[in-house]
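**Student:** Sequence:
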Amino acid sequence: MIVRDFIGWLETASTAQRAEAAHALARSYLYADVDRDTLERMETSLTILLDDPSPQVRFALADALGGSPEAPRNLILSLVQDRQDIAVEVASRSPVLLDGELVDLVATMSVPLQEAIAGRPVLAPSVAAAIAELGGPLCCRILLENEGASIVPMTLSRLAARFGSDPDIRSILLERDDLPVAVRHGLLRDLGHALGVLVSRRSWLDDVRADEVVRDACDDATVAIAAETAEEHLAVLAEHLRSTGQLTTSLLLRALCAGNVSFFAAALSILSSVPEGRVRSLVNDGRAGPLKAVYGRAGLPLSAFGAFASALSACREYSAFNGPAPRMSRRVVDDVLARHEMTSDGPIGELATMLRRFAAEATRAAAREFVRSAIRAA
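Throughout the sequence shown, residue numbering follows the working numbering, covering -4 to 373 in sequence.
Label pairs and their in silico Cβ distance ranges:
no., residue 1, residue 2, range
1, Asp172, Arg273, 24 to 34 angstroms
2, Pro285, Pro148, 30 to 40 angstroms
3, Ala283, Asp161, 47 to 57 angstroms
The hints are simulated quantities; they were obtained by calculation from the structure and are not laboratory data.
Computed from a prediction, not measured in an experiment: that's the story for all the values here.
Every residue gets a Cβ at the ideal spot worked out from N, C-alpha and C, and that includes glycine.
Modelling step: build the complete structure from the supplied sequences, incorporating the hints.
**Tutor:** Shown next, in the form of C-alpha cells:
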C-alpha cells in the first residue's frame, strides 16, 4: 500500500519535490533502523525512481547512494549506466562496484567516466592496468597522481611506453620511487634524444657536437641511475642496456671512473655469462689474469683492458674517500690517464677523449658542490 501511495504521489509532485524525496528516501534506506519488510518496500520505491524522467531526481539518488557500501547493487549498476553526470557520481566513489565491473566500464564508457574511475579513493591493480591501456593522457595522469591507486611495475612500464613523450606524465613517472630501473633509464634516454633533436633543429650546435653532448648526457644519466639502483637490481639494468645496445665500453669505463664498481661487475657478468658472484670476486681481488679472461669473454676490446685495470686499482685506492663524488671521479680519471698510456688513434683514443671530457665535467661538478657547501655553511 505504501508503494502504491508513493507512485500516486509521484504523478503530481514537482521535479524539485521528487528529487528531495529521492534523496531523503535513499538516506533513510541506508541509515534508518527499520524491519526487513519496510526496507524491501523502500528499495522498491527507490527502484521506481530510476525511471523518473528528470535527471535531477536520478542524480539525487546517485548523490545519496554513491558513497555507501550498503547501497543496493541493482540501483548502483543502473545509475552507472545513466547519463554521464549521474554515472560519474557513482563510478567515482561507489564501493559496491566490483573490480571487474570497473574494468568493463573503463573499456566501454566515456572519457569523463574513465577519468572518474582513475580518481577513485581506492583502485585495484587490474583497474589501474585497464586505465593505463585504454585511458587518455589526462586520465592516466589522474591515475598516477592518485595515492590510493595500486599500480604495479608492469602498468608503469605500459604508461611509459604510451605517454613517455608527454612532459607531465614523464615527470610524474620519474618522481616515483617504484619506477622500474629500465623504464627510468628509457625515459631519460628518450628525453636526451628529444633535447638533441631540438638543439640540432635550432642550430645551437652542429650535428656532430649535438650528438656528442646527447651521448655524454645519456651516459651521465645512466651512471647516475646505476649509482642509485639497489645492488640486487643492477643486473636488470645491465641486461636492459645490453638488449638495447647501450652497454658500451665507453659507458662501462665512465661508470667505473665514477666509482660504481658494483655496476661494472654486474655488467661484466651479463656480457660474459659468468656468474656475478665469481665476477665480483675477481673485481674485488684485483687478479689481472683471470679478470682479463672474463673481460675478453665479455667481448670488450682487449686494448682497453689496461684502462679498466687502472680504474679498478684507483677505485680500490680511493675506496675510503669520503669527499664529494665528483672529486673522487676526477681523481680516478686522472689516475687512469696517468697510469695507462692512451694513444690518440682508434677506439682507445676515443676512450681517452671521453675520459678527458668526463674529468672536465667532474671538475666543474666538484666546483659547484664546493660553492653549495660554502653557501650552506655561511
